[in-house]
Amino acid sequence: MAGETKKIAIIGANKEGLKLLPILLWDKSSSVCLIADSNRDAMLFKLNELGYRLAPKLNIKVTNELNDLKNIAGLDTIINALQDPQTEKFLEAHEFRDVEKLGPLSARLIWGIRPYAGKGIPGIDKADEQTNLLQSLREIVDAVRLTIDRKELLSVVLKLATESTGAERGSIMLKFSEDDTLRVEIAKGMDEEVVRKIRVRPGEGVSGRVFKEGKPLIISGRATLGEFERPMTRTDVKSSMCVPLVVGGEIIGVVNVSSSESAHIFTDEDLKFLQSLAGLAAEVIQRSNEYERHRLDAAKFSFWKEVDTVMSSSLPLDKRLNAVAKKLSELIIGLTCFVYLYDDDRKRLFLKAASIRDSKGLGYLSLRPGEGIEGTAVEAMKDVFLVDRTEEGATKRAYIALPMVSHNQFVGVLNFQIASQKGISAYQEEFLKDIRSLVAEGVYKHRQREKEQAVSRRMFAVDEAGLETISIKDLKKLYTIVATTPAAILGAEGALLRVRQQGASRYITVATYGLDDKNVREYFLPIEKETVMEVLRKGDAVAREFSEEASPYIRSTLSRPLMLNNEIAAVLTLFNKTGEGTVYPCGFSKADTEILARFSVYAEKALQNISGESDKLTFSYAGAGVAPPLTQFKKRVEEELNRARRFEKGLVLSTVRFAGIKDALPHARKDFEDRVIEGLKRKMRNFDVAVKLNEETYGFLLLDTNEKVQRLLPVIEEVIASNELYSRAFSTGKAQILFGYAMFPDDGDSFAELFSKASNRVLFERNKPLKTELYK
4 MAGETKKIAI
14 IGANKEGLKL
24 LPILLWDKSS
34 SVCLIADSNR
44 DAMLFKLNEL
54 GYRLAPKLNI
64 KVTNELNDLK
74 NIAGLDTIIN
84 ALQDPQTEKF
94 LEAHEFRDVE
104 KLGPLSARLI
114 WGIRPYAGKG
124 IPGIDKADEQ
134 TNLLQSLREI
144 VDAVRLTIDR
154 KELLSVVLKL
164 ATESTGAERG
174 SIMLKFSEDD
184 TLRVEIAKGM
194 DEEVVRKIRV
204 RPGEGVSGRV
214 FKEGKPLIIS
224 GRATLGEFER
234 PMTRTDVKSS
244 MCVPLVVGGE
254 IIGVVNVSSS
264 ESAHIFTDED
274 LKFLQSLAGL
284 AAEVIQRSNE
294 YERHRLDAAK
304 FSFWKEVDTV
314 MSSSLPLDKR
324 LNAVAKKLSE
334 LIIGLTCFVY
344 LYDDDRKRLF
354 LKAASIRDSK
364 GLGYLSLRPG
374 EGIEGTAVEA
384 MKDVFLVDRT
394 EEGATKRAYI
404 ALPMVSHNQF
414 VGVLNFQIAS
424 QKGISAYQEE
434 FLKDIRSLVA
444 EGVYKHRQRE
454 KEQAVSRRMF
464 AVDEAGLETI
474 SIKDLKKLYT
484 IVATTPAAIL
494 GAEGALLRVR
504 QQGASRYITV
514 ATYGLDDKNV
524 REYFLPIEKE
534 TVMEVLRKGD
544 AVAREFSEEA
554 SPYIRSTLSR
564 PLMLNNEIAA
574 VLTLFNKTGE
584 GTVYPCGFSK
594 ADTEILARFS
604 VYAEKALQNI
614 SGESDKLTFS
624 YAGAGVAPPL
634 TQFKKRVEEE
644 LNRARRFEKG
654 LVLSTVRFAG
664 IKDALPHARK
674 DFEDRVIEGL
684 KRKMRNFDVA
694 VKLNEETYGF
704 LLLDTNEKVQ
714 RLLPVIEEVI
724 ASNELYSRAF
734 STGKAQILFG
744 YAMFPDDGDS
754 FAELFSKASN
764 RVLFERNKPL
774 KTELYK
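Numbering (the numbering used here), first residue to last: 4 to 779.
Be aware that a few hints might be false.
As the list claims (entries may be wrong) - As a list, the in silico BS3-like pairs of lysine-lysine whose alpha-carbon atoms are at most 27 Å apart:
(1) K695 - K711
(2) K532 - K454
(3) K64 - K49
(4) K711 - K480
(5) K652 - K673
(6) K760 - K638
(7) K329 - K448
(8) K532 - K479
(9) K92 - K64
(10) K479 - K521
(11) K18 - K200
(12) K9 - K22
(13) K73 - K191
(14) K308 - K275
(15) K215 - K241
(16) K593 - K454
(17) K350 - K448
(18) K350 - K322
Simulated from the structure, these hints should not be mistaken for laboratory data.
With the hints as extra help, turn the sequences into a complete structure.
This is the structure we're talking about:
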């Protein structure tokens, strides 16, 4: 009511709040009744520092309890100089629902120009009053560094536009980039729910026409359908004005004011004044946009370096991502960040990092593509922005999902949730998009290193376990080791090994692991039989995955044949691969298949060795019904060549001829050969091959190696030196050793090429290097 004194309370005894006291106390229509700050002593010290003294007659209460504000009857305005989240939340209480809430800048603007914003000053006409008001406002705007939200300034501009022109309602509408419609940025005297729904296309209605044509309009009386494509929806509007907002030659929005009083008429002076205010509003928007852009560019550069440093560190990936998420939440007010990483084996998104404090559930929450907003973003591979823009003073909300791709590989999703009075700006949206690529690159590089290291560790484990497997002599023990070792290395929950019965085509179970649970067995065995049949048809490894609905106990299998003499002698099936840091079984990867293939080489050699088929170090002689030794040797070499090509391994073929032994040592020949054989056994491995090709010549096959085989010759030297009869025979030249070798793939790709090269032998002389001459 006219003549009533407006009661004002100030929160925050900082310089911004306390410097308002002189202009508030000078205004006789206002009364400061309370100053609240959590630190009362600091407040009094600050007053003294500013040279202020609260006289008792002012009747201003000083308190450190915010709740004291609720006890002030008829409180009109609260000036919040703290503007921290806790104070903002406190002011949302229902006791302050009808109380005007201002920041220090708004208060400074409103009280600084109040002498010109009344009903009129004696001796000053309305035009002069508006001129003085604009000049005062210009001085204040020019003095302000736009380090705060521009909406605080725009709200004051709109308030002055309505009060100085006698309008009851007003709004500032800006172009929304997503659909090029005009939406209300700030409104006065309008219902919030109506404001949120307003969408005006260019050319539509009064606002749309002004926005499209860039010309101001003043309307006396209600707009009609004949005049505009869509007239005003309010039936009580009697007159209105609308002017364009122009920034850098571009129309970015409009300013509207209207009145419902029949007697009220807007004048040309009012229109010029509104245009001048619109110019100030456009300048505020432009300057705040530039400041925001520069601020974010600087922040982006600084933040980019910080994120790059964090993502390049040696910390575990989840700790790196948590650090990035927290930094982002500190940069943008009200932002909460979640990082989902995509597991290609399991085809799921897993929550791996967040800016929230309580993150105990990280690593367990997962989404499939198509599930939730993040899953939808993955399925469409498009950014998702859901923004709730509300009237000034209300909380703004945004939900953002950004898929992360690096080197054409999808790695995850960044999720941002924002709830604050400022919401999120277009520059901040672009900033988050830019940061997304840096995080994606860091995740990709980490995963590549992780995969390489994991494969390297597992390959080493396979080689170590494989060499031990080859030495096993107990068949039952070997079956158990073949079933359990790859399961342990690959992280499978269980395994089953089937071996073909001798003389039959049936494959029987010889070893199992992880099948104690009845439910697991009931689901696994039918799946395993189907998988084995597919392995037998293909003659190669088979990997399968199953949904949780189709198979709750068995989610993935990997099955591989074990070969003997180019035939499938056994089939090994693993099930339920488990990943690190999760309780969910996942699919076996390509790397898992390669690791199992490597282990299978050792398993096959172990099975051959223990079954006595050809992997023992044996010396064969021609006999009735037996293929010639050279034919046997050729077959074995060709088998191993096929295996070496398949797994990119090397091998060495060597021949040694003991020339003249038969004549030089007629009675000691067998003793000499036995000693040589025993010595060679000690130097060779179980799976290496040695065959007596004829009375004087031996063939050797050393597997999985590229080394030369001169290491065999010292064995023969020791045998010769151990007996005077042998020494005399070789020193006199009656007996000679001729030696040759060939390496795959350097010296040939077939048995014929390798054997021909290895048959070009050089003379071995005791205590001398090999001669360069070749001997047949």
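key: Earlier hints that do not hold, by number   = 2, 4, 5, 11 and 14
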